[in-house]
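Colleague: Residue-level listing of the chains:
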Amino acid sequence: MARVAREMVEKAGINVDELLELLVTNAAAELTTFYYYTILRANLIGLEGEGIKAIAEAARIEDRNHFEALVPRIYELGGKLPEDLKVFHDMSACSPARLPDDPTDVKAILQVLVNAERCAVRGYTHICNLTAGKDHRTYALALAILNEEIEHESWFSEFLGEGPSGHFMRQGETSPFVRPFMP
Amino acid sequence: MRRFTLQELARYDGKDGAPAYFAFQGYVYDASGSFLWRNGRHQARHVAGTDLTGALDQAPHNADLLERLPKIGILVRE
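Protein chains in written order, with my numbering: chain Y, -10 to 172; chain P, 361 to 438.
No wet-lab data here; the hints were simulated from the structure.
Since the structure is predicted, the reported quantities are computational estimates derived from the model, not experimental observations.
Each hint should be verified, as a subset may be incorrect.
Quick list of simulated restraints, FRET-style, between CB atoms [as the list claims (entries may be wrong)]:
1) P:GLY393 / Y:THR93: 21 to 29 Å
2) Y:LYS0 / P:ARG398: 42 to 50 Å
3) P:GLY377 / Y:GLU46: 19 to 27 Å
4) P:HIS421 / Y:GLU46: 36 to 44 Å
5) Y:GLY2 / P:ASN399: 25 to 33 Å
6) Y:LYS42 / P:GLY393: 29 to 37 Å
All C-beta atoms in this analysis are idealised placements derived from N, C-alpha and C, irrespective of residue type, glycine included.
Model the full assembly from the supplied sequences, consistent with the hints where possible.
Modeller: This is the structure:
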């Protein structure tokens, strides 16, 4: 634990235990989303599905990166991950992004994807709001993740016909915002 | 619609198998079936069995999300 770093956050008026719970539950959301997106991506097939597979894969890898980037901050602040993976799954800040009943329904898969991203956007906005001007390191990390989650939401919502995302497909490596925070 | 006082609402805190209810703007919602309200807790800071009317201002969502939950009662002041 980074004792003084934690002290500074407490001194700034943040309930560190509550913040840690949010960081752990959002880390759980990232890792479980990585898992569920693996199944969704595998089912994005055929004329409709293949066109979405690339962005589902980018979101999947970036969500795993978010998990990797969150873990060091959790331990710095004196928190830890649960030892039991099932406990970790069940404490996720977002509902499981399960494959729809009809796995050939590409629109239903897109709805699962966009719902998961919207939950994440809410979660990191909340963490940014709590930490802004108080816990600079967590804020910078949450903001970097938020930038990527907003892009994911935009990609999927565009395919659902909600209007142009205004974003282009990524060039180069994944996680342009979160990469500096990755171990 | 069933009527709840704050004291009655407090029994439905989602703990030890109890249903998870909360109040918002005079109505009581049942969050027992929601993954995001497991064990009567929501996003580290909200607990079931209470009136959360004032909490939405700080929440990263609007009241429309609550409409996904069954509205099961009315909160009455004693």
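Colleague: Give a verdict on every hint.
Modeller: Status of the hints after comparison with the structure:
1. Separated by about 27 Å at the C-beta atoms, GLY393 of chain P and THR93 of chain Y satisfy the suggested range of 21 to 29 Å.
2. Here the CB-CB span from LYS0 of chain Y to ARG398 of chain P is close to 32 Å, at odds with the stated 42 to 50 Å.
3. At roughly 41 Å, the beta-carbon separation of GLY377 of chain P and GLU46 of chain Y lies outside the given 19 to 27 Å, and the hint is violated.
4. Judged by the Cβ atoms, the range 36 to 44 Å given for HIS421 of chain P and GLU46 of chain Y is violated: they are separated by roughly 28 Å.
5. Against the hinted window of 25 to 33 Å, the Cβ-Cβ separation of GLY2 of chain Y and ASN399 of chain P comes to about 27 Å, which satisfies the hint.
6. One distance hint, 29 to 37 Å for the beta-carbon pair LYS42 of chain Y and GLY393 of chain P, holds here, with the actual separation near 32 Å.
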